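Under the working numbering, the residues of the sequence shown are numbered 8 to 435, in order.
These are computed hints drawn from the structure, not numbers from a lab.
In this text the structure is predicted, and so the values were computed from the model without any measurement.
Among the hints, erroneous ones may be present.
[Stated by the list, open to error] Listed next, with one range per pair, are the computed distances between beta-carbon atoms:
1. Gly388 to Gln276: 29 to 35 angstroms
2. Ser41 to Ala195: 47 to 53 angstroms
3. Ala51 to Ile166: 28 to 34 angstroms
4. Asp45 to Ala195: 49 to 55 angstroms
5. Ile315 to Arg236: 18 to 24 angstroms
6. Leu403 to Met8: 41 to 47 angstroms
7. Ala51 to Trp162: 25 to 31 angstroms
8. Ser301 to Gly228: 49 to 55 angstroms
9. Val77 to Phe396: 41 to 47 angstroms
10. Val414 to Gly228: 26 to 32 angstroms
11. Arg422 to Ser41: 49 to 55 angstroms
12. Ala178 to Asp394: 50 to 56 angstroms
13. Gly228 to Ile166: 25 to 31 angstroms
14. Arg102 to Tyr334: 37 to 43 angstroms
We treat Cβ as the ideally placed atom computed from N, Cα and C, and that holds for glycine.
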Amino acid sequence: MKINGLRWLMIGLIFLATVINYIDRQTVSVLKTSISQDLGLSNADYAAVQNSFLLFYGISQMVSGRLYDVIGTRLGFVFSIVVWSFASLAHATARTASSFGVFRGMLGFGEAGNWPGAAKVVGEWLPARERALGMGIFNTGAAVGGALSPPLIAWLATIYGWRMTFVLTGALGFIWLALWLAMFQTPARHPWVTEAERAHILDGALRLAPLARGAGETRPGWLHLLTYRQTWAVVMGRFITDPIWWLYVFWLPSYLQEARGMSLQQVGQSAWVPFLAGGVGALAGGYASGALISRGWTVDRARKAVMIVGAMLMPAGILAMRANDPYVCLGWMAVVLFGFQVWVNNLQTLPSDFFPNTAVGSVFGLGGAAAALASILFTWGTGHVVDTFGYTPVFLAAGVMGPLGLVVTLWLAGRIHMVSIERQEQTA
């Protein structure tokens with residue numbers, strides 16, 4: 008059996024995994040008030056629980072990125088999905104803040120693999136001119152998962168309670184795993200791919216990234232990759248801007264309840280809007296740079312133009328804090344997440360623009376580790392600031408981080424092109 012356009016079915020699989028990933032991680036954010044009351048958590052305690060997630064998430068970004076480069080995407084996703092789905096189920100058994108934090112860390116360690124793994128799938132299955140769109144599709148899974156989570160989780164918790172909600176959402180990963188094992192292979196091995204599509208994937212990669220030829224199976228180590236300013240462009244871009252996304256993921260539902268006076272049901276009805284806007288931004292950002300490349304723009308010019316637009320929308324969070332109406336506030340927050348996803352979708356495409364496929368997972372993992380470290384620091388600060396001064400200062404601070412990240416990333420990146428990695432400079 009041969010399937011035309013099989014590459015998009017593979018991208019659809021990682022989109023679905025990302026939706027489940029975000030439903031599992033958002034369960035705590037949506038149910039923060041109920042869980043905090045049951046386990047006796049302050050805002051600082053809640054921040055510590057979420058930082059347990061981010062700490063192991065950051066460690067796993069590096070470990071998983073390297074793991075995917077070594078064992079491949081098929082087995083890599085099996086590892087990640089099993090770990091995070093078991094961890095999600097285990098949340099239901101927590102009786103103390105400490106045990107809850109342990110399970111949260113396990114979840115972070117498993118979930119982190121989705122991102123370098125998905126970037127590697129995009130690099131394997133799509134030529135360079137289609138990769139930003141592929142990244143946009145799978146990144147839309149984060150926004151769709153974020154949008155589905157508030158109404159779905161609020162509904163489940165209202166009927167079954169917060170513990171059973173973790174059981175039901177955790178089971179989704181094992182359903183996806185069955186689909187993955189039945190359907191996924193790399194283009195070189197997949198029996199369903201047509202020769203025309205295989206040639207399309209290979210031709211596009213060679214035509215737009217000629218320096219990748221001859222790279223062979225070179226698999227450079229982290230230390231060698233850190234000698235490239237292109238790696239630092241990805242690392243610093245993620246370090247400066249990723250805390251913006253995590254601020255909204257971790258704190259938006261509680262902000263709406265505690266600062267804007269919404270009930271859990273009202274949060275379920277409205278908190279999805281900014282995340283839906285983020286999904287539109289991911290698709291728009293991916294489509295825009297790909298369309299510009301198809302019209303003759305260089306990869307360098309197209310990526311940078313779209314990244315500039317996304318970064319300059321993120322200060323809308325400052326306007327959200329000035330809005331008196333909570334729904335106007337949500338509207339400005341939707342602009343922030345739209346802009347963030349336009350930005351980060353193209354930023355996350357840079358590893359496959361800069362490096363051959365044998366290094367993509369590792370570079371993506373380094374960027375993810377930097378993002379996690381920055382988000383840990385920002386989340387820790389958020390918990391203490393909210394307990395003392397409220398939510399406004401942290402949302403105002405996040406408003407300036409998008410333009411700052413843009414300036415630093417473009418300065419470090421220079422011209423976006425494929426770099427040559429010398430075989431003799433491999434490190435263990």
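To see whether the hints hold, each was checked on the structure:
{"no.": "1", "hint": "Gly388 to Gln276: 29 to 35 angstroms", "result": "holds, 30 angstroms"}
{"no.": "2", "hint": "Ser41 to Ala195: 47 to 53 angstroms", "result": "holds, 48 angstroms"}
{"no.": "3", "hint": "Ala51 to Ile166: 28 to 34 angstroms", "result": "holds, 31 angstroms"}
{"no.": "4", "hint": "Asp45 to Ala195: 49 to 55 angstroms", "result": "holds, 50 angstroms"}
{"no.": "5", "hint": "Ile315 to Arg236: 18 to 24 angstroms", "result": "holds, 19 angstroms"}
{"no.": "6", "hint": "Leu403 to Met8: 41 to 47 angstroms", "result": "violated, 55 angstroms"}
{"no.": "7", "hint": "Ala51 to Trp162: 25 to 31 angstroms", "result": "holds, 30 angstroms"}
{"no.": "8", "hint": "Ser301 to Gly228: 49 to 55 angstroms", "result": "violated, 35 angstroms"}
{"no.": "9", "hint": "Val77 to Phe396: 41 to 47 angstroms", "result": "holds, 46 angstroms"}
{"no.": "10", "hint": "Val414 to Gly228: 26 to 32 angstroms", "result": "holds, 29 angstroms"}
{"no.": "11", "hint": "Arg422 to Ser41: 49 to 55 angstroms", "result": "holds, 51 angstroms"}
{"no.": "12", "hint": "Ala178 to Asp394: 50 to 56 angstroms", "result": "violated, 35 angstroms"}
{"no.": "13", "hint": "Gly228 to Ile166: 25 to 31 angstroms", "result": "violated, 50 angstroms"}
{"no.": "14", "hint": "Arg102 to Tyr334: 37 to 43 angstroms", "result": "holds, 38 angstroms"}
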